[in-house]
Each structure stands twice: as C-alpha cells, then as structure tokens.
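Residue numbers (the numbering used here), protein chains in the order written: chain E, 1 to 342; chain U, 1 to 342; chain B, 1 to 342; chain V, 1 to 342.
These are computed hints drawn from the structure, not numbers from a lab.
Treat the hints with care, as some may be off.
Copies of one chain are not kept apart here, so a pair can be met inside one copy or by any two copies together.
Claimed, not checked - Straight-line distance between alpha carbons at most 20 Å, and here's what the computed PhoX-like set of lysine-lysine pairs gives:
#1 Lys242 to Lys4
#2 Lys169 to Lys242
#3 Lys284 to Lys242
#4 Lys4 to Lys113
#5 Lys237 to Lys182
#6 Lys242 to Lys182
#7 Lys242 to Lys62
#8 Lys242 to Lys66
#9 Lys284 to Lys270
#10 Lys152 to Lys182
#11 Lys284 to Lys62
#12 Lys242 to Lys292
#13 Lys113 to Lys182
#14 Lys4 to Lys169
#15 Lys4 to Lys237
Residue-level listing of the chains:
Protein chains: 4
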Amino acid sequence: MKGKAAIEGIFVPNIVPYDAQGRIAEDELRRIIRWLVRQGVTGFYPNGSMGEFIRLSYEERKRVLKIVVEEAAGKPILAGAAEPNVDLVLEMCRYCADLGCRAVSITGPYYYKLSQESIEQYFRELAAQSPIDIVVYNIPVFANEISIPVLKRLALDCPRIVGTKDTSKDMCRFQQTLQEIKGQRPDFAVLIGWEELLCTAMFMGADGGTLSSGGVAPEVVMKLYNEARAGRWHDAKQTQFKLLELFSLMVGAPNFPEGFRQGYELRGFKAGHARFPLSAHEEKLVAEMRGKLACVLADCGFAEAAGECRCGAGAPPIVPPHRVDVENLVREVMSKLLAQKV
Amino acid sequence: MKGKAAIEGIFVPNIVPYDAQGRIAEDELRRIIRWLVRQGVTGFYPNGSMGEFIRLSYEERKRVLKIVVEEAAGKPILAGAAEPNVDLVLEMCRYCADLGCRAVSITGPYYYKLSQESIEQYFRELAAQSPIDIVVYNIPVFANEISIPVLKRLALDCPRIVGTKDTSKDMCRFQQTLQEIKGQRPDFAVLIGWEELLCTAMFMGADGGTLSSGGVAPEVVMKLYNEARAGRWHDAKQTQFKLLELFSLMVGAPNFPEGFRQGYELRGFKAGHARFPLSAHEEKLVAEMRGKLACVLADCGFAEAAGECRCGAGAPPIVPPHRVDVENLVREVMSKLLAQKV
Amino acid sequence: MKGKAAIEGIFVPNIVPYDAQGRIAEDELRRIIRWLVRQGVTGFYPNGSMGEFIRLSYEERKRVLKIVVEEAAGKPILAGAAEPNVDLVLEMCRYCADLGCRAVSITGPYYYKLSQESIEQYFRELAAQSPIDIVVYNIPVFANEISIPVLKRLALDCPRIVGTKDTSKDMCRFQQTLQEIKGQRPDFAVLIGWEELLCTAMFMGADGGTLSSGGVAPEVVMKLYNEARAGRWHDAKQTQFKLLELFSLMVGAPNFPEGFRQGYELRGFKAGHARFPLSAHEEKLVAEMRGKLACVLADCGFAEAAGECRCGAGAPPIVPPHRVDVENLVREVMSKLLAQKV
Amino acid sequence: MKGKAAIEGIFVPNIVPYDAQGRIAEDELRRIIRWLVRQGVTGFYPNGSMGEFIRLSYEERKRVLKIVVEEAAGKPILAGAAEPNVDLVLEMCRYCADLGCRAVSITGPYYYKLSQESIEQYFRELAAQSPIDIVVYNIPVFANEISIPVLKRLALDCPRIVGTKDTSKDMCRFQQTLQEIKGQRPDFAVLIGWEELLCTAMFMGADGGTLSSGGVAPEVVMKLYNEARAGRWHDAKQTQFKLLELFSLMVGAPNFPEGFRQGYELRGFKAGHARFPLSAHEEKLVAEMRGKLACVLADCGFAEAAGECRCGAGAPPIVPPHRVDVENLVREVMSKLLAQKV
C-alpha cells in the first residue's frame, strides 16, 4: 500500500441531476464534475446522502461512480459504498478499487436499530475483506451511530480502516475523535461532514471535510479550507460566517437535499426533480428560499446567481485569481521565529 | 374492484432462510409457508422487516414474493413494497398486482428525515398510480413516522389506500387511528404490528395484525386472535400474557430479527445466518436466549422445541385439534339475547 | 399497619385555584373537593403535576394537602411528595402520615438526569425511612424514568413500596408491570396515570388510575371505571372513546395543565390564572379550545358547560341516578354458567 | 445602569459542601471561594446545577448566595435564580440586586414541557419586572430549551436581558447565537457553559464561560481563557485537550455533580456527601474515577492531588507565577504589522 496519498482536503459530495424522464442526466453530471475540478476542489464523494444514493438502483450507483471517476481528472475519489448487505458492500468495494478510487466511505447500517457490538462486527468483516481502504461515516440522523469506543477499536485494529467522516453535528464528539483516536494513530484521517463546523474542526486538527456546499459554492469552501490550512484564522472565521449564511438556507429548505439542488441550479446547472416529491406548499417554500439564496450567492460575487436576486446584491468574485498571499508569507516566517523560541 | 376481501386477520411476516452460501434457501422457505398454511394463519406478509427486505436485492425480493404466493394456497398476501424510490415502488406494485396479492404495504421512507408534507405527497402519488390497494405501514423506530393527521387525509381522500399497519408500540396512537379514521371510514383496515398490543388492539376494534411471532408460534397467535374475535376476553388476556413471554425473549435478543430466526429453528426449520453479523459475545447471548425460548415453547406444547429445554417444561399442545368450542357457542347465544335487550 | 385499605379506584389529581393576587383560593379548592366527593370519586391525589406542585412553595404544598384532607370526607388520599431532596421528602412523608393519608406518591427525581442505580438507591432510602406507604410514580416526560427492573426490585424488596402510578403513556410497559411485578406480588397496586389507557389498563388488570379528567368530568371517568369493574366491556369501550374526546382537547391545549383548568371553569369553578404565563396567541388558542370543550361537556349532559356551547349540543346527564343494570346482571349469571363448564 | 461592567470572563459555578449532618458547611464554602479568588477567576456563579440549587431549600439558596458574595472580594456575581414560579424568581432577583450581584441567570422552566411561546412570555415578564440584569441560561438536558428565535427576540426587545449562557453542548447553536444575536446586539454577552467547547467558543467570539471545572482546576481554565484572549491559539488548543482529560473524568462519573465534588476533595476541600444517594456499585466507580483524576491533576502540577495518584504522575505547576510571556509579546507586534497590511 505504499505511495497512497493521505486523505485530506475537501471532498465534494455531488448531486445527481435528472432529465425530464427522471433518468440520470449524464452530460449534466459530467459538466458539474468538470466545473468543480476547475474550481480546485480536492476530490469527490459520489454516492453520498447528497447524491441520493439510497434512491438510486444498484446499477445507477455504479454508473454515477464511473462518470465521476472519468471526469475527476485524477483527483482522489472517496466513494460511498453503503450497500444494504455485506456481500453487496464488498462487491461495490471491488468495483471502486478497480476504478482506482482512493477509498470507500461506509455509513453505519440504516433502517434496523443495531447494537454497537453488531456494528463493530460489521465493520470488522468489511475491513477484513475489502480490497480498498475504508472511511467510517458517522451520520446518526440517518443511520445507526458508530460510537467513539467502537470507532477507536476499529481504528487501532484494522489497517484497512483509514479514517472517519463525521456528520453528527457534534463538535464535542469530533474533538474526542481527534484526541482519543488520531492522538494514537496520527495517519487516521478525521474529516468533518457538517459545514457549520468546518472552521472549528480545522482549527482543532481536522484533515478536511466532505461538504455538500462545496458543490454549490466551491469558491467559499475552498477559501475557508485554504485559510485554515494557512493559519489565517481571522479570515477563516469570517468566511465561516459567510458559509453559515449559504448553508443555513440550503439545509433549511424542505426535503433535503432539495435546497442544495436549487443551489446548483443557481450556479447554472440543470438539477431536474429530485427523486422524492414536494407538496405544493413546499414548492413555494423552496422558491422563496431560492430567491434568498440567489442574493447570498450574488453577494459572494457569483454572477450566474445574480439574475434571480431582486435585492441588488452583487460583489466581486470571492477569490481573486492570483492573490498574492502576503499575510500568509509573513505568518510563516513568524511561526519559524516562534518555533526557535520554544 | 368488486368482491375484494376485507383485510382482516393475522398476516404472518415470514423470515427468509438462507443456505450455507448466504443464498435464499428456497425449499426451506416453501416448507415454512406450507407449515403456516396448515396452522391456519390468515395470510402472509412477505418482504417486511422480519424478512430483511432491506438486505435483499430487488430481484431477491421479487423471488421471495413469488415463492410465498406459490405456497400460500390462496390465502391473501399483503406484500411489503417499500422500495427506495417512487418508480421502483410502482414497479413492485405492478408485480404484486400481477401475482394476485391482496394489497401492498409501504413504510414511510427511510434514511432521510422528511417532513410530514413530503411524506403525504409521496403516498398521494403512489395512491394515484398504483394498480393495487395500499396499506400504510407506520414503523417509526426504523422509518419516518406517518402522523395521524396525514394518515387521516390519505384515508379519506385516496380509495387506493385501504388500511394501515401500526408498529409504533403506541396504544394511544392506535386508538386515535380507530377513532379518527376508522370512525369515519369503517372499511379502513387497522392492523396492529406489535405483539404486546394484540389483545388490547383487538379489544378496542382492530381488524387484525401482522405479527412476527405468528411465524414461530402460529398456534398461540391464532388462539389469541380467535379468542378475541369470539369475545372470550378472559381467555384472550391469558393468551396475551403467554405471548408476552415468547415475544419478549425473541424481540429482546441482539440484532433483530435474530431472536425470531432462532424461534423458527426451534420449530424445526433451518434459518441459516441472517444477513448481518453477530459479535462472539452476542452469539453467546443469542444461545442463552434460545435455551430459555425452548422452554417457553415446550411449555406451550410444541414438541420440536422440547429437545433443547433443560428445565423439563412441556405441556399438551396449546390448541387441541378438534376442540368443540362450547364456550363460544354459548356466548353467541348470549350476545343475541343481550342484543334483544338493548 | 393492619386494616389498611387496598389502593384501588380513581384518585383525582386536583388543580389548585388561585385568587386575583395569585394566592391559593382556599374556599374554591374546598368547594372543588366537596363536589368531587359528591360525584363519587374514590379518593384524591393532591400535589401532583395537575396541581402544579412544582410551582408552589413548600408551605403552600402542605396547605393544599391539609385542605384536601379536611374536605375529603374520609376518602383515601394519595399525596404527591416529590420534594427536592431526601430529607424534605421524608419530612413531607411524616406530615402526610400525621394527616392520615393512605400513601404518598413520589416521582423519579427531576432536573438532573440520573442513572437507574442512583434512582433505585433513592427509593430504597425513602422506603427504609418513610412512616407511610409509598407509590412510585413514573412520569418520564417530566422526570427521570424508573425502569421496570428497578421497579421490580423495589416492589419485591421494600414492603413500604406498595404500588406504582404509570404516566408513561406506554401500554407495553404497563403490561410488563402487571406481568413481571404484580404477577409476583399481587397486592402491589398498579395504577394508570393516562386517560387514553384507562379502559385497556383496567381490561388487562389495573387497580385503577389517577386521572386529571376525573376532576373535570368525574361522571365520565367513574362511569368507565365502574363499567370496567363490572366487566361491561362493550360499554366501557364506548365511554373510553367519549373520554378521549374530552381528554384530547384538554391535554392538547397550550401550557399544560391550562386545558384542564378551563374544564374546571366550565364546570362552574373559578380556577384563576395558572402559575405560568400564556402568550396572547396561546390565550386565543385556549379560548378556542374552551369553546369546543364546552360542547363536548354539554354533550355529556353537563348543564354548567352548555352556556358556552354554540353548537347546541346537550344531552341527558351521562349517568342516570338509579339505572337498573340489566345487562350486567345477565352477564353475571352467564359467567357463572361458563365457570361451571371449565 | 451606567458604568455596569461587561459580562465577560470565567464565572465559576461552585459546589456546596455539606457537613456530616447534611447541612451547608459554611466555613468550607467560604474557604473554597477565597481560594478561587486567589486563583484569579473572573467571578462566581452560585446556585447553578453544580451547586445543586434544586436540592436546596429556598432559604439555603439565599444563604449560599450571601456567603459567596461576602467572600468574593468584589468580583462579579452571576447568580442562579431559577426559582419555581414567577413571583419567587422576582423575589430572588430583588435579593440578588440588594446584594450587589452583577446579574442573575435563569434557566428555561423545568419539569413541565412548555411551548416556546410560553417560555418567551415567561422571560418577557421577568425582564419587565426584574431590578437586575438577566442572563438566559439554556441547558436543554435538564430544563426546557430556549430556541434561537425566542432568544433573539428577547435579546433585541428586552434591555434587561443582557446575555446568554449556553450549555447545550451544541457548537452549531453557539455560532448561530453569535451570528444572529450578538451580530445585531454586540453588547449581548454570549457565554459557553460546556468545558469541551471553551476553546472553539472563544475562537469564534464568545465572551467567556461558566465552567464547573473552573472550581476544581482554576489554573487550567484561566490559562485557556487567557491564552484565547491573547490570541495564542496554538497554546489554547493544547490546554483545551488537557482540560478534556480532566472534564471527561469528572462529567463521566455517576450522579452528576459527584465527579466534580471529588475534584474539590482532591484539591484539599471537604465536599461531604452530595444531596443524592449513590449505590454501592456507583461508589466504587466514583472511587476508581477519583484515582484516575488524582493522576491527571498531579500531572497538572497540583500537589494536593499527588497523594492519591499511584502512577507517579506529577509536574511543575501549570502556570509559573511570573512567566514572561515572550510569545505573546511577539504575536502582538505581529498582529499590528498585519493590521497595517489590510
């Protein structure tokens, strides 16, 4: 396993656009991925909650994955592989390995409520047989939680389990993961899966995140990530509050991930109808949200969105193309000076 | 739709037995269904939670359903059809209709947390397009709850929605369903999906139930159902407490539906390994539970189970084959007399 | 302790009426208790959740208790004694014993979340030192739950703990209490504390209940209780559904126990303002509820309420004074005949 | 209200020590407060959850408050005033005002589950009548949550409501409070009430915290607070992880606040028995925790604790008395340089 890249940075969980017949709009999906490549995202996360993996057929999930890999321009892929039984998970793992994905991400089992012991055994069996590295994905709002003690034992016992994605919205748990697990296995990747905590997670030691907003506003998410990596915490904090504005609108819309799908539309993509109906009243709520989101996006400098903003917001693009990062250079010198002191 | 039978009685949600390679053990499944037919259960409920529908592939679910239909000897089938998106649900509905099932049962969507508005819209779309009657299945521990107001609107607006199965364990909700929905639409079938509440649900006006224990101890469940139907409430109450003993052991075992699968084994069937692993410690707990369950089953008079019971329990079979139901005859006469009085 | 009466029947948790200055309206409280005595309720339950015990001062709780005892005409008192620490609980126990109460009722501790072990130890200490019998009151929506295993150990080990009141709304738990605890200690009183489950609880073996509706519509609650005691299950079921109508309005009003306080007003008592404010919008909701409640009460034949009912409901009083219970007589003969058969 | 100090810094919620008879050990309480004054804590928070306010009588709460004020050497007092009804809260507010406290802190109501509308109305009435500033204390694990929209309206409408203490453990909520409320009313004090989030809360813009660990290890908590105030984030992060070790032991012990009371014992104070019993098994667990805590405290350099540590931990005191803070001086210069650049 030599030469494998560290799992770090921002992995974008893409939506799946559909055509008028409800089939995957493959060309539009390719266009989305190519655009995100140009925006400089670190990698991709197909077949996550954002990509409605649960509403696709098994064959459709394979197809989405293949398309993302083909368009990713060599960027690392963290592929959702939460199939409904062990054999199917392993079959998907082999498929991901064959396609050259960096790792798979597997949620706790969903539907049934299972004991922590059963969940641990489940991941142990997967880890023993998977031909590809595994990231354990904790998303207790949708699937069985994976407790810290279980995750710790898995991390310390199973070389195949190389990291975790945490979407529990729980900063306390995230810090415990850093302290109790990464503290003992420093190469264990700890990714945040919730936009509101990106800045504080990076501040405390995260390796990156998988963030749905990264598909709608990659400029903002990458700006925050890069500011955090560079230790420009004052800037990062401001960007985090801007990201909160965007995220709270999209995540607050009815029928997740509908809000994010509207965001893609505002960035110029045709998302089509998600695979779950909205009531007439909810469609109205979504339209209202979209109007507000257009203004926040316009205020970030995203020209595509400005057309739907009626409040006249608008700003220069959020990241100038060739910004000379004087601040960071100075900080680097500074930190070397400080290091000598200690 | 003339001549359709009322949905009432006990529908048994079967397990799916597996062979050593983890494939569906079709012959054993046929043997189970034929045995249950002989035991006099009202009908069957394939592809429910007990049948691990979520861990089967789409094709496997179709296969299970076909086998159950073939062996059911004409008894009515209530088929689980909680597929992951609207199109696939409707495809399964058509398949069920072609096989001659009585109705399909559809849970609230799982994985995503959805608003009640979205859930209502989902069932409205299904009801508008399904070629087969629909039972709305409320199981909030595993899938999104369907609220009483939503269920009421669906029941009053959608002819295709003909009943509900409630596995919320909530007797208050069950009574509200009877009062607010069945009170306004008397042909709406209200089925209880939780063993502990069979007696009280029947007492308050349920049409029957879908009960996993019915696959392990059909004699006990049918006895209780028949006692309730006959108004022999004193007997029904005693049978309910006996059923609690059986049920609490099976439902309390680790890794549902493992406990019930052990029950089938004790009745002489080969269940094989469920499609989710147990830890070594949990296997020990399951073995202990099995020993206790054997004694409770032996105590019901089920000879197959007696072999594993070490406490010497054993009793005559719970329902003598040709019992002359004097008590019930007398009660019927009595109730006619009473009716004249009013 | 010789000659102590069994704890059975309907114990009414009274509200506390207040005057314009927010002080306890003692005369009105006396009038309420005297009226309930005349209505034939079994006993009283002062200082419960309905009586806002938590919002009274320690001295006020003692005063309420004294008044209820003075007006109860010798009927048994089950007195709330959930004081904030062990010493104060015991002081209240002594006070209740001195006043001649039948028993005290003690909730799980509130505010802090405590382990079941701590809760068990708490009740053991109280049981060891209390001069008066104790009923363990499980109301998990407001205070720490007392698990069935803990309750079982307390019941089997502590003679001072003579019963339980269950307000968990959970019929499954209630049946477990009957089976696992009362099955082993038949004199252990098992009372239901939730109106919706009175009929089914009695049906399965409850000893009675403590029901707030009993203070607003004692005629209905006592009718249901008496029907259940007499085995007139068909009637009891109808009365239960009527009680649901009343109860769902009162319990659904904002700011519990406001809805019940309105019920007392409709029966001719001056409740005054509860000790917690309502918003203007909530006052409107309460007024709407009151209008509907007036009609349901009028429909029960309660003349006091008819004045506020605009829909013209009204009926003869719910229990005719000297009803000849032919039906029950016939049933009794019948059950003797059946008994001979077995 | 001119000249009132901003509410910022670390307010320590003290335990209440008891003597062998269970009475407040007043001398020991005085000794604790004087020691904390010497350790440089910002102020005090008597009658909080840590101080078992709910288990004291009304008179005892007043007594505790008086003692803390007398020994606080003029440091600001944020006094818990969550009395059980509006009149008693206001009476306590007047008492606190007379004693010269800086503000009172009031939790959402406990025991009853109340609507957000009722809770808002409750705080509006208090704010209209209180003679002293109010901090709204959100602690949803013990008392009704106060939602962000309600808190926002209170903050923008009521001058008497000057801040919030948040013990929800929810960093997302904390950030929303900063963005949506403090963003519009900058003088609104936003305090964190959960140790695990002190560093990130300060990083995002908190004004300080009320932290129980501050009574056991004031050196560590004040070090972290001061590092954060000085922008020494790298150091602050390390101190935060050290604080997690201390806190997780104390908060994880059975029967909160027992773990913290053991911490006071290890620092040389006689806490006595808390006002709630422990089972024998829990006493054993507490003793084990105490052994581990002694080592962590010894490792911080706290000599009093070293005696009970068997692993030989020990270190120089965590904050040398006259440390020359070269690092911070350099950073200050640096930040001025950077400011010029922008």
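So, going through the hints one by one against the coordinates:
For a Cα distance limit of 20 Å, the shortest separation of Lys242 from Lys4 qualifies neither inside one copy, at 34 Å, nor across copies, at 33 Å. In the homo-oligomer, the alpha carbons of Lys169 and Lys242 lie at most 20 Å apart inside one protomer (18 Å), although the nearest pairing across protomers, at 23 Å, exceeds that limit. Proximity of Lys284 and Lys242 under a CA criterion of 20 Å is satisfied in neither setting, with 25 Å inside one chain copy and 40 Å between copies. For a Cα distance limit of 20 Å, the shortest separation of Lys4 from Lys113 qualifies neither inside one copy, at 35 Å, nor across copies, at 36 Å.
Within a single copy, Lys237 and Lys182 get their C-alpha atoms only as close as 24 Å, which misses the 20 Å cut-off; across copies the closest is 15 Å, which meets it. Taking the shortest alpha-carbon separations for Lys242 and Lys182, only the inter-copy value of 15 Å comes in at or below 20 Å, while the best intra-copy value is 29 Å. Taking the closest pair of Cα atoms, Lys242 and Lys62 never come within 20 Å of each other, the shortest separation being 35 Å inside a single copy and 45 Å across copies. In this assembly of identical chains, Lys242 and Lys66 lie within 20 Å of each other by CA distance neither inside one copy nor across copies; the values are 34 Å within and 46 Å between.
In this assembly of identical chains, Lys284 and Lys270 lie within 20 Å of each other by CA distance solely inside one copy; the values are 19 Å within and 46 Å between copies. For the homomeric pair Lys152 and Lys182, the shortest alpha-carbon distance inside one copy (9 Å) is at most 20 Å, but the shortest distance between copies (38 Å) is not. In the homo-oligomer, the alpha carbons of Lys284 and Lys62 never lie at most 20 Å apart, since the shortest distance is 34 Å inside one protomer and 38 Å across protomers. Taking the shortest Cα distances, Lys242 and Lys292 sit within 20 Å of each other inside one copy (14 Å), while across copies they are farther apart (43 Å).
In the homo-oligomer, the alpha carbons of Lys113 and Lys182 never lie at most 20 Å apart, since the shortest distance is 28 Å inside one protomer and 31 Å across protomers. Proximity of Lys4 to Lys169 under the C-alpha cut-off of 20 Å is found in neither arrangement, the shortest distances being 29 Å within a copy and 37 Å between copies. In this homomeric assembly, Lys4 and Lys237 never come within 20 Å of each other (Cα to Cα): the closest approach is 32 Å inside a single copy and 30 Å across copies.
Violation of the numbered hints given earlier is confined to hints 1, 3, 4, 7, 8, 11, 13, 14 and 15; the remaining hints are satisfied by the structure.
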